[in-house]
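Just so you know, the sequences run in chain order A and B.
Residues 305 to 741 (my numbering) are what the first sequence spells out, left to right.
Residues 2 to 114 (my numbering) are what the second sequence spells out, left to right.
Keep in mind that the hints were calculated from the coordinates and are not lab data.
Even glycine gets a Cβ: it sits at the ideal position worked out from N, Cα and C.
Listed next, the stretches of chain B that the computed footprint assigns to chain A, with coverage defined by at least 3 CB atoms under 8 Å from CB atoms of chain A:
#, stretch
1, 25-38
2, 82-90
3, 99-113
Have a look at the derived ranges for each label pair, beta carbon to beta carbon:
#, chain 1, residue 1, chain 2, residue 2, range
4, B, Asp70, A, Lys726, 19 to 27 Å
5, A, Lys726, B, Gln109, 38 to 46 Å
6, B, Arg85, A, Asp425, 29 to 37 Å
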Amino acid sequence: MAPDSLTVFAPQGMLGYGIPERSMRLGVERRPDVLAVDAGSIDPGPHYLGAGVSFTNRRSVRKDLEMILDAAHAHRIPVLIGSAGGAGGDAHLDWLIEIYREICRERGYSFRTARISAEIDRDWLRRRLADGAISPLDHDNALTAGHLERATRIVGQMGYEPFMRAIEAGAEVVIAGRAFDPAMMGAHALLRGFDRGLTVHMGKLLECGGAAAYPRHGSDGLLATLHHDSFTVEPPNPDKVCTVASVAAHSLYERANPYHMEFPGGAIDLHATRFEQESERVVRISGTRYIEAPHYTIKLEGVERVGYRTIAIAGVRDPILISRFDEYVTNIRSRVAERYPDGYRLTVHSYGRNGVMGSIEAARAEQPFDTSAAVLALTRSAALHVTYPGRKGIAGNLAFPFSPSDIAVGPVYEFTIHHLVKVEDPCALFAMDLFTP
Amino acid sequence: MPPSGSLANTVTVGDVAAFVTSKNAGPYKLTLDIVFSTAADYERFVGQAGLDREAIAAIYGIPLADVLDVIHFAPAFAVKIALRRRITAGAAGDSDVYGAQQHVPLMQHRIAW
Chain A
305 MAPDSLTVFA PQGMLGYGIP ERSMRLGVER RPDVLAVDAG SIDPGPHYLG AGVSFTNRRS
365 VRKDLEMILD AAHAHRIPVL IGSAGGAGGD AHLDWLIEIY REICRERGYS FRTARISAEI
425 DRDWLRRRLA DGAISPLDHD NALTAGHLER ATRIVGQMGY EPFMRAIEAG AEVVIAGRAF
485 DPAMMGAHAL LRGFDRGLTV HMGKLLECGG AAAYPRHGSD GLLATLHHDS FTVEPPNPDK
545 VCTVASVAAH SLYERANPYH MEFPGGAIDL HATRFEQESE RVVRISGTRY IEAPHYTIKL
605 EGVERVGYRT IAIAGVRDPI LISRFDEYVT NIRSRVAERY PDGYRLTVHS YGRNGVMGSI
665 EAARAEQPFD TSAAVLALTR SAALHVTYPG RKGIAGNLAF PFSPSDIAVG PVYEFTIHHL
725 VKVEDPCALF AMDLFTP
Chain B
2 MPPSGSLANT VTVGDVAAFV TSKNAGPYKL TLDIVFSTAA DYERFVGQAG LDREAIAAIY
62 GIPLADVLDV IHFAPAFAVK IALRRRITAG AAGDSDVYGA QQHVPLMQHR IAW
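Next comes chain A alone, as it looks inside the complex (with noise of 0.2 Å):
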């Protein structure tokens, strides 16, 4: 017979932006039957993905985990963790592995763990390749095998049925590498038999915490109650409130469409969805429906290096200069052109004007090595001197703030893989390991 509610905790909706000890409190005194949160995001851009590093904190994330394995060492509350190390490929998720066992070294914690790689096998992905398995998503690139051979590092967001594996596997804590957000709060939902699509729909709500409520400030957590027709969210923190248009607004988030949801296996449809007023501070959810996809598709997120970046920031007060700035910016081009006529980038961001809206060029520069610091000496030197239409300043025209003025900034990444691949069995590409730390 199955259980008629099952309560989530998402402690926070991002591991290690920080858990409010009163909420963190809080919400283990309503006794859920999971901790789960969300370590990774693609948001942050695709140098972290391709550089292995995490772009959260070490310590900050730390931090957090102690209060989670605390709780659930405490409560015996399993514990479930997506997109570890923010990307979510074999770098990032031993980088919190890593931390996780420093932190049950030093307590003593002995949780059945399971680890769960979502790095793609390139072997597999070539005879997908060649079978007409993979197509591209939001954009018309389609994939090639030079796109497979130079990419840096490949991940597949894994659904739901890897982490219910290591569920039956007997796992208290899991930790997975790249994974669709909602998945880690759900797993257990589904074991257990409640509606895919409220599960589904209860996970996009969990999976930025306390988000879906209001006021939406500061990092904290959102409690989910799922029963067999509807489920209801509410903010472990009591200054906080769920509110119809909190949890209605949330469904917009990160989202180009809010009625359709797409994951691996499904969608959810939300045109017929009934967001309700229970309490002043809870919202109850029903009628989101689950739609079966023909086929099982895992979605590739994959970079490759295209170069490599150099930057310096410089401030210029001088009115003559900002009135002939255009034609300024074309005499710098011009000297860097002179000596380096092609095979890099020269990106001029004029905040104050149009930094953040100006229009871009759209060409690509590949370089084989980093020729960016000497492009970027020349191009500094330059435009500290060029001169412009009514100079009167003459003897430098930039205020640089630092020095060394010229910061390197390592290799620059693009996102060259974002594709759907069609697969027979959701949990075979993504490789669990048990251990106990």
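For this one, chain A is given, so just place chain B on it according to the hints.
Positioned in the frame of chain A, the structure of chain B alone reads:
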């Protein structure tokens, strides 16, 4: 009464909406959300702002094909607009990796009210 179409009868989208905001929807798309506080404001806006794909293309000065969708989402009193990014998030030359500061032309757009 000022003549219709004069500035006296107009407001900016930001004046009447609770939120006007932008964010990536994956590395290849941007999503713009206009969210209202009340059903009345939302319905009035939908009824008279005339923000279709053509209008959004004009506001942003981008090709119509890059305005992927304009969706009305009544449960949140929200209008959602999906744009194709001119450059993939974080690629060389991108100026807004999270796409979080692309809402201003929409926020400052004037509509009859």
